Amino acid sequence: MSIDRIATGLIVLFGFVFIFWIIPSQIEEVEFGRIVPSTVPMIAMWALVVVAAIQFFTDKSTTSIDLLVFIRAAAFVALLVGAVYLMDRFGFEYVAPFLALSIMLAIGERRWYWLFFGGVILPLSVWLLVEHVLDRTLA
Amino acid sequence: MNISKTFKATLAAALLTLPGAAFAEWEPDGPITLQIGFGSGGSTDTLGRAIAASMEESTGWDVIVENKPGGGGVAMFSSLVREDADGTTLGIGVTIPTLMNLATRGEKLPFKADSFDYLATIVLAPLALVAPADAPYNTVAEFVEHSKANGGSLIGFDAGPQRMIMRAVNKSADAGFEMVSHKSGAEIIQGLLGGQLQAGFGAGAHIQYLDSGDLKMLAVATQSRQGYSPDTPSFIEQGFPYSVEPYFYIAAPDGLDDEAKAALAKALDDAINSASMTELIGNIMQTTPNNLGPDGTEAKLVNGLSDISALLAASED
Amino acid sequence: MVDFSTILAGLGDAFTLTNLLFVLAGVIVGQFVGAMPGVGPVMTMAIAIPFTFVLNPLPAIGFLVGVNKGGLIGGAIPAILINTPGTPDAAATAIDGYPLTQKGKPLKAMKMALYSSVTGDTFSDLVLITIAAPLAIIALKMGPVEIFALMVFAFSLISGLIGSSVTRGIIATVLGLLLATVGLDPEHSTPRLIFGFFDLYDGFPIASVAIGSLAVSEIFLRLAKMRGEVRPAVNIPRDQTSDQKNVTFTEYWACKYVLLRGALIGTGIGAVPGMGSTAAAFMSYASTKQSAKDPESFGKGDLRGIAATESANSSVAGADFIPLLTLGLPGSASAALLISAFLIQGIQPGPLLFEQQGQLIYGLFGAMMMANLCNFTCGFFGLRLWAKLISAPESVVFSAALILCVVGVYLSTGGTFGVYVMLAFAVFGMFLNALNYPVVIFIIAFFLGPRFELSLGQTATILRGDLMNLTNHPVAILLFLMSAFCVYWLGFRDGKSKRSIEAL
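Protein chains in written order, with this note's numbering: chain A, 1 to 139; chain B, 1 to 317; chain C, 1 to 504.
It is worth saying that the hints were derived from the structure and are not from the lab. All values derive from a computational prediction rather than experimental measurement. All C-beta atoms in this analysis are idealised placements derived from N, C-alpha and C, irrespective of residue type, glycine included. There could be a bad hint or two in this list.
Facing chain A, from chain C, some residues (calculated, C-beta under 7 Å) [claimed, not checked]:
1) Val174
2) Leu177
3) Glu187
4) Leu193
5) Met226
6) Val230
7) Pro232
8) Val396
9) Ala400
10) Gly465
11) Asp466
12) Asn469
Label-pair ranges, simulated between beta-carbon atoms [unchecked claim]:
13) Lys112/B / Gln356/C: 43 to 49 Å
14) Ala392/C / Glu25/B: 54 to 60 Å
15) Asp254/B / Gly12/C: 53 to 59 Å
16) Thr58/A / Glu66/B: 46 to 52 Å
17) Ser224/B / Pro474/C: 42 to 48 Å
18) Gly299/C / Gly176/B: 37 to 43 Å
In isolation and in its complexed conformation, chain A is listed as follows (with noise of 0.2 Å):
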């Protein structure tokens, strides 16, 4: 079975848990007006699944994904999830320049003055006009 296909039956999945679980649960009922909160999303997910459905049987395509890339783009989310929850705690003057920098070592980048000015100068200069000249708090 393609990629394409098992996405295709998990949105079929994600349709039905929409409709038979998550919507009860989290809108609430409403017994007068025209429309209520959930007529919208309900009339969207079951679209949703009819739609899907379809396609499950009648889509040919193969997509391939690129395992390595793939794993690449995951460790850079990892890396800017931790980056940002690091910068609520200690700041950001004290984390964008290690994010700056991993991000361009990452990605091959070994000349210093470019390492420098991308990693240092950048960073603290966005952090500069915000807090400072612009008088914003940055975390």
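Add chains B and C to chain A, keeping to what the hints say.
Just chains B and C now, with coordinates in the frame of chain A:
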């Protein structure tokens, strides 16, 4: 260290040594953050930023404004309740959306009406029911008759309590009103001028259309009459015992010490009643500042909750 | 009616050196922040408004209008250069702009965007200045039922962009609609699908969704694919001939109908609040593509694609002033900020505005025309600078872009929560891309979703649940018929082109 902050701190210190400096007893321990429960660009945002600027000017304190939009202030108050009660974090919201949430889903909220120390109200929104100037009805009772005769009239609203008032009227007078949801008072006015609505609620934006002769008032939704139109009776006077009073107000986490509370309340009162705020409130809401003070504000929140609950009960089938 | 001497006096007020400098400063700031992925004119205006407290009305509003207009041009720059539109408005610019960059012609693409943007903007400003009053009266007749029909029409037009797989397009649409329902519902104000997060009361922050799924997902993907030697972010061949760098007048003039259609769509959408510039940009792009003799050349670097998008999204900005000035009704986030700046300056939009403040309003119109001129001049010289900057190593460009997205979303959503949402949507965007679901369709559905649901509820109430009452709304019926025709026509053309491929 921020140069301008240092400067302001020095300035504040200098002011303190002056004889008769107003806030000798209490000083905030660092900058004050004024959190706004709405996004940038709305009337709450505009009011909050102006108050912050006015406070900075008169006290020398550093006041930072932050927008924390979400659920008509609920998101902001949910996080405000967890802040330290040292007077450096304040929140600005509107009573009605907060009370509506407390009344309808209070058990799911992390705060209660008594979770805060209330400092001031800024202004009362002049909520009223208005209609196109050429409409063949001038009072709520006449409008009810008109609706009955024409298969149900359309009324524009932009907040839950407005709908509740008209549902309560529907229930007691069998008027058959149909309520059309809108995003803002300006959109309701658009619907009235465009002829899509037979009546709608205005919270200030309608006033200049009275002057231009496009709209007229049917009733005010506040408990007493409003200054710009002293001849318009309230819903209550017209025999429908319902009211909605949206006050813009400022609160801090519960547990401020008395000196801090008094100093903040005084600073806010000066800011709210300053000449620039009076002018701004005139521009935005077409009315005047109205600060009820700490006790008055608390009373509005506590009594307001039972009023809203009563209205809720009256509107339900 | 405003008399002629007031108009002249107003325009006279505008054309002073002080005002010119403030407008120019606004335009430069606007172009600059518009070009920063993640930052943009809306956030910049929000930050700038308190600083305008102390200015006189005309320079203050002139500066903000300059920022707004400069942002319209700046926004196209990252979309064209590194395929990371900071706003959905520019998403359609990237469809044809980025392929031109890949062919080594970023300057040509940016210049086309500049010319189209200024053309559309000037057109709608002229409409605003000359026929705002009658247009406002027509726009008043567009009630909720008509808006709902207009929305259905927009969706049917945009469906032409869905691409090869109809089912994937529909799935992307309903996912956009579903995610747009998170937060308070428009009819009863009950919180939906928030899973206990009070930050979600107003829904997913728009900035997080747009920047996450359009820009950050692209940056992640580019970073993941880079290894080995670090190259300049964009490679411009040194020995380019002039026609590879510039847009000739013949090329510009060949787009005259495309530009005019874009400007008309944008002006119309701007005059009727509720739809917004994203819808205008995509409606213009889709109709240009569908009416072209060679629709398959779009998406591969067609100048008409850029012209259609940029003329439409820029002309919304001028027409937005019609409901803004006559009703105090904002058609966009930047218009909402302008209203608050107006109020702070003691200018009350509404029925009495032209009577009481006519001179000031004509001063504002003068400032708008100045801003267009500044926009053109600054853009013309500034674009070379951007072309230089973007030849910095991709390591610097993309790490800086990522940091700017984080900072921009942090500031505009007021906290870390918005940044996490942005990252989540970046991941979501990467999955959509990898599995060939159209991200732009998802984004349009997400943007139009709240208004769609609101006008659905309004329409159901106004019709009192009875479709026969639609006979009182002939304009809406016309729009529904046009939608049906549109879907039929698109389907028919699709069928025809498929057959011709099979015949080959």
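Hints, one by one, checked against the model:
Against a cut-off of 7 Å between C-beta atoms, the interface hint on Val174/C holds, since the closest Cβ of chain A lies about 4 Å away. Residue-level restraint check for Leu177/C holds (minimum Cβ-Cβ distance to chain A is 5 Å; threshold 7 Å). Proximity of Glu187/C to chain A holds as hinted, the smallest CB-CB distance being about 6 Å (cut-off 7 Å). Interface hint at Leu193/C: satisfied, since its Cβ lies 5 Å from the closest Cβ of chain A, which is below the 7 Å cut-off.
Because the smallest distance between the Cβ of Met226/C and any Cβ of chain A comes to about 4 Å, under 7 Å, the interface hint for this residue holds. Because the closest C-beta pair between Val230/C and chain A is about 5 Å apart, less than 7 Å, the hint holds. Checking Pro232/C against chain A: minimum C-beta separation of about 11 Å lies over 7 Å; hint violated. Interface hint status for Val396/C: upheld, as the beta-carbon distance to the closest one in chain A is roughly 4 Å, under 7 Å.
Against a cut-off of 7 Å between C-beta atoms, the interface hint on Ala400/C holds, since the closest Cβ of chain A lies about 5 Å away. Here the hint on Gly465/C is kept, as its CB sits about 6 Å from the closest CB of chain A, short of 7 Å. The beta carbon of Asp466/C comes no nearer than 11 Å to any beta carbon in chain A, farther than 7 Å, and the hint placing it at the interface is violated. Of the supplied interface hints, the one on Asn469/C is violated, with its beta-carbon coming no nearer than about 12 Å to a beta-carbon of chain A, more than 7 Å.
The hinted window of 43 to 49 Å between Lys112/B and Gln356/C holds, with their beta carbons roughly 46 Å apart. The hinted window of 54 to 60 Å between Ala392/C and Glu25/B holds, with their beta carbons roughly 56 Å apart. Taken as a hint, the range 53 to 59 Å holds for the pair Asp254/B and Gly12/C, whose Cβ atoms sit roughly 57 Å apart. The beta-carbon spacing between Thr58/A and Glu66/B, approximately 51 Å, falls within the hinted interval of 46 to 52 Å.
Between Ser224/B and Pro474/C the Cβ separation comes to about 45 Å, which falls inside the hinted range of 42 to 48 Å. Distance hint check for Gly299/C and Gly176/B: the Cβ-Cβ separation is about 53 Å, which falls outside the suggested range of 37 to 43 Å.
Hints 7, 11, 12 and 18 from the earlier list are contradicted by this structure; the remaining hints agree with it.
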